[in-house]
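Asks: Respectively, the protein sequence lines represent chains E and B.
Numbering follows our numbering, with no gaps: position 318 of the first sequence is 318.
Numbering follows our numbering, with no gaps: position 316 of the second sequence is 316.
Treat the hints loosely; a few may be bogus.
What the hints assert, rightly or not - Label-pair restraints from in silico Cβ distances: (1) E:LYS253 x B:ASN106: 34 to 42 Å; (2) B:ASN77 x E:ILE281: 47 to 55 Å; (3) B:THR110 x E:ILE271: 27 to 35 Å; (4) B:HIS155 x E:VAL306: 19 to 27 Å; (5) B:LYS34 x E:LYS137: 56 to 64 Å.
Don't read these hints as lab results, they were simulated from the structure.
Ideal Cβ positions, reconstructed from N, Cα and C, are used throughout, including at glycine.
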Amino acid sequence: MGPLLEVKNLKKHFSVNKGSIFNKNVGTLKAVDDVSFEVYKGETLGLVGESGCGKSTAGRCILRLIEPTEGEISFEGRDLRALNAKDIRRARKDLQMVFQDPYASLNPRMKVRDIISEPILLHGITRGREVQNRVAKLLDVVGLAPYHADRYAHEFSGGQRQRIGIARALAVEPKLVVCDEPVSALDVSIQAQVINLMEDLQREFDLTFIFIAHDLSVVHHISDRVAVMYLGRVVEIAGYSELYKNSQHPYTKALLSAIPVANPKLKKERIVLKGDVMSPIDLPPGCNFHNRCPHAAAVCKETAPVLKDIGNGHKVACHMI
Amino acid sequence: MAENLLAIEDLKTYFYTPSGVVKAVDGVSFSLKKGETLGVVGESGSGKSITAMSILQLIPSPPGKIAGGRIVFNGDNLLEKSEEEIRRIRGNDISMIFQDPMTSLNPVLTIGEQLTEVIVLHQKLDKTAAAARAAEMLRLVGIPEAEKRLKSYPHEFSGGMRQRAMIAIALSCHPKLLIADEPTTALDVTIQAQILELMNDLKDKFETSIMLITHDLGVVAEVCDHVVVMYAGRPVEYADVETLFEAPLHPYTWGLLASLPKIEERGKQRLEAIEGTPPDLRHMPTGCAFAPRCSKAQTVCREKQPLYRQVREGHYVACHY
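Chain E extracted, bound-state conformation (with noise of 0.2 Å):
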């Protein structure tokens, strides 16, 4: 069986302009530059990487809530990017998202019961009285009661509101969600209940997910492969064990070590990246990790490497592997 999803040759440039008349053209920063991955039916993938690598960007362009610069996106084989708007707008139907702060992505002049049904409606799920038995089931469905949804976002914790979130991307029957990072904003007793409901949900509803994070214990937990993204391009991609215990990429390497582990007894030898992310305007050719990297040698400089399957499903750009 194909892949539900495939991305391939993913790209975002975005141009920097300067001034107020002219907006001459200074510079481009390319966001998401040639990214290339599948995902399959029931599994939940990882992306992960630090601010401004371009997962955001990438889970965003899946949905074309950003318009892709370059590259394929082809859902169930269908080129969602052939699309016009109308069609991409019923293609939503299947594809679904879940944002990051669940203060700014709820309408806080809604009641939650408008909230969930504006999709029902909108997609032509169910109608008349139908809509509203939906809405109190997804609501159980998400560990809320019935009574809520006479309720606004801001009566609610964040918690609370990350599960109507939830809610509203399940009204559609999705089949893809990509969650661009839903529990960050989040404490940590929260957070386990929230990860606890969507493992849940993805077996109830056979879901996949795509989930987006800069947290990659949590990632680990919940992914069955995971993308480590690095500078707007894919550095490893590996099934979630296989990247933990075996992992190539430096960088890669290096994000795992920086973890802190909530185990004083376990001291470990840490690698400490030196320097800070470069620029991403008008990024030099070359490996966009070598000025950090540890093995940096002079082909890293000169040309990009490319991603290389090194078997069982491991994917790695580096040229020194």
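Starting from the known structure of chain E, arrange chain B on it as the hints suggest.
Replies: Showing chain B alone in chain E's frame:
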């Protein structure tokens, strides 16, 4: 045993709001020895930042008020000092770094101006000597080309460099105590690793004690000697870092540790989430604040507030069991 540098006894900080009295900090006691790093852990709203701000008396008043308790620093009760005396202590003996380095630095002054201001004010050095000292501090926190960088504005720095600059300002007068309020929360993990390493190095160099406020138990495990866990404005457990992680006694501490996704463990078992949400600080339950979420709660927990008591040498817990 080293003597106490800071001892907080039964601190109460209340906020008088139109909808009731918010007991943000309600009976906090702990102490910090010379040269140690104390971690203060808790979720949003547990009162950890308010405790820190109470020490420096930065609580906006009204509506806030320190309603009781003692804060003994170096043998003196800070709450009995005049505004003038407190101002001399702030920045000189006790300094603080904040979570968000962008909003805590002044955007219209250069890094150098902000650094020298502190030095001139507290160390009574003249401008040239202060500038030399400022450059030296920037070098110490690992900012390259320090002299040139003194003329930069905060927006020209990356997040990690801004936090380094904040640390330079905070340590420029060799304070005895550094209060770090979520110093790495806004940073990416690889940058967080750099900053934590820097703080540990400087702590030894300047013989500064650190009070590290964080919600990240991983960070605590890596850098702290002792830990106090807070919940709903009260301390629930205090112990040395190894005891706390290996043999936590309070169900909340236990729950917090269990709810963390652990990357080193194989298999994808469910996270053990703590059910429910923290209480509303305006309507605190009688009895133990954690009782509604506690799996071991008995009748006595709902009726009587547990005492915060010593159960073993150096291990304090507030729980009936």
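Asks: Next step is simple, just say for each hint if it's right about the structure.
Replies: Hints versus structure:
One distance hint, 34 to 42 Å for the beta-carbon pair E:LYS253 and B:ASN106, holds here, with the actual separation near 38 Å. Range check, B:ASN77 to E:ILE281: about 54 Å between beta-carbon atoms, so the 47 to 55 Å window is met. With their beta carbons about 33 Å apart, B:THR110 and E:ILE271 fall inside the hinted range of 27 to 35 Å. About 36 Å separates the C-beta atoms of B:HIS155 and E:VAL306, a value inconsistent with the hinted range of 19 to 27 Å.
In this structure the hint that B:LYS34 and E:LYS137 lie 56 to 64 Å apart at CB holds, the actual value being about 60 Å.
Figure legend: structure checked against the earlier numbered hints; the only hint not met is number 4.
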